[in-house]
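> Sequence:
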Amino acid sequence: MVVKHRKLAKYNIIILIFTIFLNACMPLNDKDVNTDLFKDKEELKNKTSKLQIGMGKEAVFKLLGVPIQKFNRLGTIDVQRILYGNSQIQGSAKELEEFRLKMMRFEGYSLPYQSIKSKGSLGFGKLKVNKTGYNLVLILIFENGQLLKASVEGKQDVNEKENQFFWNSILRAGVKSAI
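The opening residue of the sequence shown carries number 4 in this note's numbering; numbering runs sequentially from there.
Calculated directly from the structure, the hints in this document are not laboratory data. Computed from a predicted structure; not experimentally measured. Hints are not guaranteed to be accurate.
Derived Cβ-Cβ restraints for the label pairs, each shown as a range [as the list claims (entries may be wrong)]:
#1 K131 / Q72: 36 to 42 Å
#2 K131 / D35: 18 to 24 Å
#3 I71 / E100: 38 to 44 Å
Below 30 Å or equal to it, Euclidean Cα-Cα: the simulated DSS-like pairs (lysine-lysine) are [as the list claims (entries may be wrong)]:
#4 K120 / K131
#5 K48 / K65
#6 K158 / K50
#7 K48 / K152
#8 K122 / K48
#9 K50 / K152
#10 K65 / K53
#11 K44 / K60
#12 K105 / K120
#13 K42 / K134
#14 K164 / K65
#15 K122 / K158
#16 K60 / K48
#17 K105 / K50
#18 K48 / K120
#19 K60 / K50
Every residue, glycine too, gets a C-beta built ideally from N, C-alpha and C.
Given the sequences, and given the hints that come with them, work out the whole structure.
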């Protein structure tokens, strides 16, 4: 009888330790995009603030210290949205053609700059995830090869909390395997 109680006590201690271990914080997938290009987000902002309207394209990329190949080329619609907002262009056929030709003079580039650290802890039936960091994009717009606009946009400080429920993942996995 005493032996049974000792075994139960050992199992209870093991279960208690295991439960504490499961509820401890644990690092999850961190997301770093182009963080090797600048020391930190302040350096990105400082270099961007040194850019001046009218600078040539080569001078801009040289000052930033980032090759043009690292940037994403923006489409005409994206450049239009950045310059004019989400506006509808209306006019006669001639006016629309003139606007299209005007838009052809612009080139746009974007560089995502992101560092998100994720930590999670297990709760009953769910994973609590806390994400911190920043999610920025450097936007460059050129007109006829000369800098027209340079800005750093996005979230300076990310601090998000979310709950991920295990049952949803289990059900999705079950449905996928059944199909």
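> All the hints need checking, so say for each whether the structure fits it.
Hint-by-hint comparison with the structure:
1. K131 / Q72: 36 to 42 Å: Given range 36 to 42 Å: holds, Cβ gap about 40 Å.
2. K131 / D35: 18 to 24 Å: holds (22 Å)
3. I71 / E100: 38 to 44 Å: Hint violated: Cβ distance 30 Å, outside 38 to 44 Å.
4. K120 / K131: With Cα atoms ~14 Å apart, K120 and K131 stay inside 30 Å; holds.
5. K48 / K65: holds (15 Å)
6. K158 / K50: holds (18 Å)
7. K48 / K152: At roughly 14 Å apart (the allowed maximum being 30 Å), K152 and K48 satisfy the hint.
8. K122 / K48: Distance ~27 Å between K122 and K48 Cα, so the pair holds.
9. K50 / K152: OK: K50 and K152 at ~14 Å, within 30 Å.
10. K65 / K53: holds (12 Å)
11. K44 / K60: holds (22 Å)
12. K105 / K120: violated (42 Å)
13. K42 / K134: At roughly 21 Å apart (the allowed maximum being 30 Å), K134 and K42 satisfy the hint.
14. K164 / K65: violated (39 Å)
15. K122 / K158: It holds: about 19 Å lies between the C-alpha atoms, which stays within 30 Å.
16. K60 / K48: holds (18 Å)
17. K105 / K50: Holds, because 29 Å separates the two Cα atoms, which is no more than 30 Å.
18. K48 / K120: The hint holds at about 21 Å.
19. K60 / K50: Holds: K60 and K50 sit about 15 Å apart, inside 30 Å.
Against the hints set out earlier in the document, violations occur for numbers 3, 12 and 14.
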